[in-house]
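Chains as they are written, first to last, in my numbering: chain W, 1 to 429; chain F, 1001 to 1429; chain X, 2001 to 2429; chain E, 3001 to 3429.
Don't take each hint at face value.
Distance condition first, Cα-Cα at most 25 Å in a straight line; then the derived DSS-like pairs of lysine-lysine [said to hold, decoys possible]: (1) Lys3210(E) x Lys307(W); (2) Lys2325(X) x Lys2397(X); (3) Lys2397(X) x Lys1325(F); (4) Lys1210(F) x Lys1164(F); (5) Lys3398(E) x Lys325(W); (6) Lys3118(E) x Lys307(W); (7) Lys3202(E) x Lys307(W); (8) Lys2118(X) x Lys3422(E); (9) Lys1339(F) x Lys2325(X); (10) Lys2103(X) x Lys1310(F); (11) Lys2307(X) x Lys1339(F); (12) Lys2103(X) x Lys3118(E); (13) Lys3148(E) x Lys325(W); (14) Lys2422(X) x Lys1307(F); (15) Lys3201(E) x Lys310(W); (16) Lys2422(X) x Lys3202(E); (17) Lys1325(F) x Lys2103(X); (18) Lys2379(X) x Lys1307(F); (19) Lys1339(F) x Lys2310(X); (20) Lys1103(F) x Lys103(W); (21) Lys3148(E) x Lys3103(E); (22) Lys310(W) x Lys3310(E); (23) Lys3196(E) x Lys310(W); (24) Lys1170(F) x Lys1118(F); (25) Lys310(W) x Lys3393(E); (26) Lys1310(F) x Lys2339(X); (27) Lys1393(F) x Lys2310(X); (28) Lys1310(F) x Lys2325(X); (29) Lys307(W) x Lys3307(E); (30) Lys3202(E) x Lys310(W); (31) Lys3164(E) x Lys3196(E); (32) Lys1379(F) x Lys2307(X); (33) Lys2310(X) x Lys2393(X).
Residues of chain X placed beyond 12 Å of chain F at every Cβ, according to the derived structure [claimed, not checked]: (34) Asn2112; (35) Lys2148; (36) Glu2174; (37) Ala2226; (38) Gly2240; (39) Thr2279; (40) Thr2296.
Treat the hints as calculated values from the structure; they're not laboratory data. It should be emphasised that the depicted structure is a prediction, and the values quoted were computed from it without experimental measurement. All C-beta atoms in this analysis are idealised placements derived from N, C-alpha and C, irrespective of residue type, glycine included.
Number of protein chains: 4
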Amino acid sequence: MGKKAIQVATIILAGGQGTRLHPLTIHHSKPAIAYGGRYRLIDIPISNSINSDFRQIFVIAQYLSGELQHHISQTYHFDVFNPGSVDVLTPQMNEQGEQEWFKGTADAVRKNLPTILKSTADYFLILSGDQLYNINFQHMVAFAQSAKADLTIASIPILEKEAKRMGLLKIDSECRVTDFVEKPKERERLKTFQLKPSFYKKWKMESIKKNSYLGSMGIYVFKREALISLLSQDKGEDFGYHLISTAVKKRKTSAFIYSGYWEDIGTVASYYEANLILTRSLEGLNTYDETNPIYTRPTFLPGPKIKETKVTQSIICEGCIIEAKEITNSIIGLRSHIKRGTIVRDTVMMGNHFYMPPLHLGKFTDEDYWIGENCLIEKAIIDEHVQIGDRVKLINKKKHKNYDGEGIYVRDGIIIVISGTKLPDNFVF
Amino acid sequence: MGKKAIQVATIILAGGQGTRLHPLTIHHSKPAIAYGGRYRLIDIPISNSINSDFRQIFVIAQYLSGELQHHISQTYHFDVFNPGSVDVLTPQMNEQGEQEWFKGTADAVRKNLPTILKSTADYFLILSGDQLYNINFQHMVAFAQSAKADLTIASIPILEKEAKRMGLLKIDSECRVTDFVEKPKERERLKTFQLKPSFYKKWKMESIKKNSYLGSMGIYVFKREALISLLSQDKGEDFGYHLISTAVKKRKTSAFIYSGYWEDIGTVASYYEANLILTRSLEGLNTYDETNPIYTRPTFLPGPKIKETKVTQSIICEGCIIEAKEITNSIIGLRSHIKRGTIVRDTVMMGNHFYMPPLHLGKFTDEDYWIGENCLIEKAIIDEHVQIGDRVKLINKKKHKNYDGEGIYVRDGIIIVISGTKLPDNFVF
Amino acid sequence: MGKKAIQVATIILAGGQGTRLHPLTIHHSKPAIAYGGRYRLIDIPISNSINSDFRQIFVIAQYLSGELQHHISQTYHFDVFNPGSVDVLTPQMNEQGEQEWFKGTADAVRKNLPTILKSTADYFLILSGDQLYNINFQHMVAFAQSAKADLTIASIPILEKEAKRMGLLKIDSECRVTDFVEKPKERERLKTFQLKPSFYKKWKMESIKKNSYLGSMGIYVFKREALISLLSQDKGEDFGYHLISTAVKKRKTSAFIYSGYWEDIGTVASYYEANLILTRSLEGLNTYDETNPIYTRPTFLPGPKIKETKVTQSIICEGCIIEAKEITNSIIGLRSHIKRGTIVRDTVMMGNHFYMPPLHLGKFTDEDYWIGENCLIEKAIIDEHVQIGDRVKLINKKKHKNYDGEGIYVRDGIIIVISGTKLPDNFVF
Amino acid sequence: MGKKAIQVATIILAGGQGTRLHPLTIHHSKPAIAYGGRYRLIDIPISNSINSDFRQIFVIAQYLSGELQHHISQTYHFDVFNPGSVDVLTPQMNEQGEQEWFKGTADAVRKNLPTILKSTADYFLILSGDQLYNINFQHMVAFAQSAKADLTIASIPILEKEAKRMGLLKIDSECRVTDFVEKPKERERLKTFQLKPSFYKKWKMESIKKNSYLGSMGIYVFKREALISLLSQDKGEDFGYHLISTAVKKRKTSAFIYSGYWEDIGTVASYYEANLILTRSLEGLNTYDETNPIYTRPTFLPGPKIKETKVTQSIICEGCIIEAKEITNSIIGLRSHIKRGTIVRDTVMMGNHFYMPPLHLGKFTDEDYWIGENCLIEKAIIDEHVQIGDRVKLINKKKHKNYDGEGIYVRDGIIIVISGTKLPDNFVF
């Protein structure tokens, strides 16, 4: 059972198909998508949990779980001196020979309860597999303990336009949650959740817009007993739509107020923006804090070799060979090779998992993945393992807002080239 | 992709429910069952694969896969200098949103082919999750290469009574397989598979019984291309019943002849016997060869502390406290505590995963798992986490051959007490 | 620099030649001597430090440091998520090209200060490499912090006969140390250190003998600044004889009172007794607490296989083959092979590092290390890699108290057979 | 003893003070010097040995061995499935209580023989701690085996000017070494070593300059027995000056011919050049081959964030913040921060071990290590942990060839700023 009785275990919900992120999810589950040129989205909640010293972690997966499981098993190895585990829980045949899939977030936890309860944890921290933040969850659990809350919901002030797409909390002066609504549709009901002036004052948030709401971040701390009994009382499939409402009514539910960087990767546009924000100073996710690093699978690659390039506001990852003329406002992922004369602007290049197509898989007749000579790429997401010929222009010439093509898509005006695509010389889009 | 292109990847079939091993499989999948007092069955094929230097391993699981996945992720961590992986493949939702379970051994491999083919392996070694042996598979692959075989089947001479329950091979003088039958029912067809005298002579097996057959061990080496095309040509669900026959007809199929220790854990009786054989000198699985160890999850427990006990032909594992009067012909697993006056004979005690029930799970009101004072236990399998009171007698008084009770079962005359059972003082069975 | 600024770093003094432990130190430094059949002495302070969550550890070594460094580098690997290190510091050539050996405990720390101060620790915990205990040093550091002590000395009540061989503390009601003497020779000076009745009452130690003293355990917690300035103010070579006295006079020095198991391995007799105490229930070092394990280099060996043996109050470690007739009050170390008919009583067998002599080293012509048939071994320490023939009697026939022979020694009536010794058939001592 | 009897063990000579590399060796031993912006020199021979599957490695250290030992123990952890070790051997007190330093390369091996011979290796591969190459030593050992050589010396064709500074080999048509001379001074003797035309033809080296010699690379493969007996026959302290000559005379000595990249880091100029060659395409050490990576201590840092910079022929390592105006022909090491307006040309910046000075060590009053705004740095080596103010010019204004100053040195026209130096605003050199 490890070195000491585990106090807090973490459950990361990573099973959804992520349809709003299509086409990025054609070949990957959402939490397995590359981020920041070298991470995968799942690395962020796992790293935050480990950095909070919560080292017993369950990742519940379902859609394309294989790649996720492989990444995790290659990245998260704990020593014997301070035990930990990242267990990937997938649909299994149960003792009665039943084969059951997970129908929602609460259902997924319910079906894995026999395994999860082998943990001795007093509290369960529930996270999403697709959110970005740097949070020390020790503070949240300490708050949950001092508030004696059965359920603690992390929450953040948000503007009205976001309020309609989230769960909203109404709290009293002690931060106890008195009402909750998931994605409210009626304007009247919505209005009742608007934050009071006393809130801004108490939390020293006078600078934020006044017509704000308190949104649930989808991060929960449950007392062990409360999680068990809620999952059995309310047979609903989803936390947001079912269990949280029940908890607010029947159990002591408190709000943990947070106001730092927090991003939910819901759409292609939010994924794109959450990457590019990294290239600006001191914004977005902090990946430089070596006392709380973002972990990922280690490589043994040299720093990028840059030939003759004007680089502006960009991050270029290890193993790259950059001969390009210009790289502007872009993330250039691991092992990218960009040839001379090429211009890359406002683009997220995910990089490659390996330099050469493995022996038997090679769809490409040529030597390597690369971006050819004298290309122009603007406002694009280039997935892993793409090959782009010489003089290719990806500029969304027809100004599509949304478009589905052969390996090329547009979402919210952002061009997407998916894994395994090969664009010939002189191709223009 | 790791240090060098992988030549051979291993696929271990560990998904079956193992109904013939019931009731041992009530709480565990078959490959997760404890063995030898400190191992789990899955450790044997994985260790053999690693000791053959085949470090890319896929374990296909389905029934109660969670415990198996946890054991594997806590045991098999490879360094960065000689990469390896043990990936547990479970049913997942595919790119089309389909949810599909594995219907047989071949079907399980077929459904995981997209993941498995990410390996660059030229050959795939397919193993069972529930067999015991010490085999260096380098020799089998070398044979496959020199024979230029599309499929190589490991095979072993067996007696007629076993022949009916196995797949049988007919081979020519070059070891090419000319005919194959799975569990033949007609005596006439069976007889055609009887080994010729020339076989015994060639393989220097004159000492074995003459009316023997060549049985398939369920261990296959496929050429990459052959595996892919066979899985697509023959849509059958099972290797033994479907694909192997097709392969013998359509592709070059060879037999790799083996004659050492090999045990398939099919029944409670064979499980029981495969444990007790370890207590005898120089028989059964070799667990003493430190150049080819059987790996398992490491513990940091002292050697067994023995108070005043006559021990005969037994293995007693680390962390035990033995105050018993007599231990004869038994395996006493990790962390067992046997109190004074007690006699244990011909028994497999699986041991415990931890000394004390974890905080919240404790079904027992008392302090610890143990076998009480002045008990008599004969010919039994005691599963993990059982508590037995004082003066308990487990002697199969009514000489049941098979029996199903509350936590107690009999199979082939062997008493089985399953996990979580508590037998009160003075209990007699 | 790791995950968080290190608060406490541990320095383990492991450099001494341990002459009072001769002949056990002929082939090993004292901290590298086997203990409990499977550990080495150095594992105990390192494990205690790690279990106290002090994971930055410096081991200062000098005498036969190679074996110690190898054991440590094979045993203590920390993960990247909660960084730690066990650095072995040995004499080096310094920046001025000077080659300097360590002349005493304080001198050894002083000469390694440039390396040690690269740690960001606020406190340094100084331990010995040859003491046995289960202590959570978090409590000691917490006491040091609350007492605002520059130096905190762990101390234990001891009897008068031990008092002459130790450092003694005089404390006030706040546990501040008001006087200190190292190994006092004059009876009068000694008497002034006798504990007052109020001490026993305050610490609820009424049960211990009344004419007790407070002895220094040689375990110190220094404030960073205090260690640096004391090492520069007092140029003495030794903590006990020099620096501690100076600290008591010049800096705030407090005593941390301890009363559990603590053993200093000073002599062959204390080494022998500290091993055998493990075989008794609930005494000596606790090696069963899996939340605070004693770590050592992992093996992948099965539990001991016992053929037909009366075992009384003994611990038998993994990998043993025991065919002996009787094992009484003994520790039988890793990979021991004891043949039939043999009787082993009151003996510490250290076990073997490997079953067979490595190819090129083999001094033995025969197959293996073992204890032969029909031997009688009483009150002995058998070092690693010894071979004993048939019908050998080790019974100290001449009742030597001390004796030096060819591979055989006697100390305090205990027979010692050192590594590499081969005793022929029928040998009697 | 590990998984299989070790066939080849590697001994890396890393003890020298490296006086010709002064002032880079003021704070580091030569093998611990940073290289390529993220490695240390010792990583190259260790990685080559591991990539050759020789995983039992001894590093013999003496001068400032502490930093080297720490780097190695944090970087090279082998798994239990394919055992390995990197043991750092330093001067120790021996069994006779003698304290002996290593006086030369052969003496260092001789004094560590008792430890080294615990390996079961049949062959010992001896490497230098300060050479750069990508060599698969399996080929060299295979050659040694087929040639049945007692000693095999790796050798490379060199020009006359280098010949005087190296050991030279004369070989027969079977590559047996018939004569050897270390750093020949007499021209006549030198001339006799000139390579014959048949050599160029045989080895297909017609393209190289004709008046070449065969130089010893200081890489040796000894048969176990030959190493032992040579070290005892010839009591000389050095391989090059003593033992190799004796071996050539008395034992079968062969030359292994090599012609790829190989660089001995003898001087500041060769160190400088061996770094900058990495920035050019396809020259120098190959660090991109992921089947044979150069290992080093892993970091969890993002790719360099580049603000607005013209980058030409440079490598910029992870964790850097580059606001500079121009980076040309330079290596920018880990965690470097270069502020806006600054120009860096023809420079090796070693990078930093951590972003902020550790709490207690901080010599700098300001926040961080950095290169300030609007600086101009040309042809320099900037050691780790240097702080350079605004408008600093490092241009070797006075065109020193060699110079020793306060924290600033010049060697062969290359400026060197050593660790811990702080250059104030407007400083010009």
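Consistency of the hints with the structure:
With a C-alpha separation of about 35 Å, the suggested pairing of Lys3210(E) with Lys307(W) is violated against the 25 Å cut-off. Pair hint Lys2325(X) plus Lys2397(X) holds up; C-alpha atoms about 22 Å apart against a cutoff of 25 Å. Under the criterion of a C-alpha separation no larger than 25 Å, the hint pairing Lys2397(X) with Lys1325(F) is inconsistent with the structure, at around 33 Å. Among the hinted pairs, Lys1210(F) with Lys1164(F) is consistent with the structure: their alpha-carbon atoms are about 17 Å apart, no more than 25 Å.
Note on Lys3398(E) and Lys325(W): the hinted pairing is violated, with a Cα-Cα distance of about 36 Å set against a maximum of 25 Å. Restraint check for Lys3118(E) and Lys307(W): not satisfied, since their Cα atoms lie roughly 50 Å apart, outside the 25 Å limit. Proposed proximity of Lys3202(E) and Lys307(W) is contradicted: the alpha carbons are some 38 Å apart, above 25 Å. The straight-line distance between the Cα atoms of Lys2118(X) and Lys3422(E) is roughly 19 Å, inside the 25 Å bound, and the hint therefore holds.
Taken as a hint, the Lys1339(F) and Lys2325(X) pair is honoured in the structure, with Cα atoms around 22 Å apart against an allowance of 25 Å. Proposed proximity of Lys2103(X) and Lys1310(F) is contradicted: the alpha carbons are some 53 Å apart, above 25 Å. Annotation: proposed proximity of Lys2307(X) to Lys1339(F) holds, straight-line Cα distance about 21 Å (limit 25 Å). Straight-line distance between C-alpha atoms of Lys2103(X) and Lys3118(E) comes to about 29 Å, which puts the hinted pair past the 25 Å bound.
Taking the CA atoms of Lys3148(E) and Lys325(W), the gap is near 56 Å; set against the 25 Å cutoff, the hint is violated. Annotation: proposed proximity of Lys2422(X) to Lys1307(F) is violated, straight-line Cα distance about 31 Å (limit 25 Å). Simply put, Lys3201(E) and Lys310(W) have alpha-carbon atoms about 47 Å apart, too far for the 25 Å limit, and the pair is violated. A hinted pair counts as satisfied when its Cα atoms are at most 25 Å apart, and Lys2422(X) with Lys3202(E) does not qualify at roughly 56 Å.
As the CA atoms of Lys1325(F) and Lys2103(X) are separated by approximately 55 Å, the hinted pair breaks the 25 Å bound. Note on Lys2379(X) and Lys1307(F): the hinted pairing holds, with a Cα-Cα distance of about 19 Å set against a maximum of 25 Å. Our distance criterion of 25 Å between C-alpha atoms is met by Lys1339(F) and Lys2310(X), whose separation comes to about 16 Å. This hinted pair checks out: Lys1103(F) and Lys103(W) have alpha carbons roughly 22 Å apart, not beyond 25 Å.
Simply put, Lys3148(E) and Lys3103(E) have alpha-carbon atoms about 31 Å apart, too far for the 25 Å limit, and the pair is violated. Between Lys310(W) and Lys3310(E) the alpha-carbon distance is near 4 Å, which keeps this suggested pair within the 25 Å criterion. Distance check on the hinted pair: Lys3196(E) and Lys310(W) sit about 51 Å apart at the alpha-carbon level, beyond 25 Å; violated. A C-alpha spacing of about 34 Å is found between Lys1170(F) and Lys1118(F), which places the hinted pair above 25 Å, so the restraint is violated.
Distance restraint check for Lys310(W) and Lys3393(E): the Cα-Cα separation of roughly 23 Å lies within the 25 Å cut-off, and the hinted pair is therefore satisfied. A hinted pair counts as satisfied when its Cα atoms are at most 25 Å apart, and Lys1310(F) with Lys2339(X) qualifies at roughly 16 Å. A hinted pair counts as satisfied when its Cα atoms are at most 25 Å apart, and Lys1393(F) with Lys2310(X) qualifies at roughly 23 Å. Simply put, Lys1310(F) and Lys2325(X) have alpha-carbon atoms about 10 Å apart, close enough for the 25 Å limit, and the pair holds.
Of the pairs offered as hints, the one joining Lys307(W) and Lys3307(E) holds, with about 17 Å between alpha carbons and a cut-off of 25 Å not exceeded. The straight-line distance between the Cα atoms of Lys3202(E) and Lys310(W) is roughly 48 Å, outside the 25 Å bound, and the hint therefore fails. Taken as a hint, the Lys3164(E) and Lys3196(E) pair is honoured in the structure, with Cα atoms around 18 Å apart against an allowance of 25 Å. Distance hint between Lys1379(F) and Lys2307(X) is fulfilled; the C-alpha atoms sit about 19 Å from each other, no more than 25 Å.
For the proposed pair Lys2310(X) and Lys2393(X), the alpha carbon gap of about 19 Å is at most 25 Å, so the pair holds. No beta-carbon of chain F comes within 12 Å of the beta-carbon of Asn2112(X); the shortest separation is about 29 Å. For Lys2148(X), the non-interface assignment is confirmed: its Cβ lies about 37 Å from the closest Cβ of chain F, beyond the 12 Å cut-off. For Glu2174(X), the non-interface assignment is confirmed: its Cβ lies about 38 Å from the closest Cβ of chain F, beyond the 12 Å cut-off.
No beta-carbon of chain F is positioned within 12 Å of the beta-carbon of Ala2226(X); the least distance is around 35 Å. The Cβ of Gly2240(X) lies farther than 12 Å from every Cβ of chain F, with a closest approach of about 32 Å, so its non-interface assignment holds. With a least beta-carbon separation of about 7 Å from chain F, Thr2279(X) fails to lie farther than 12 Å from that chain, contradicting its non-interface assignment. For Thr2296(X), the condition that its CB be more than 12 Å from all CB atoms of chain F is violated, with the nearest at approximately 7 Å.
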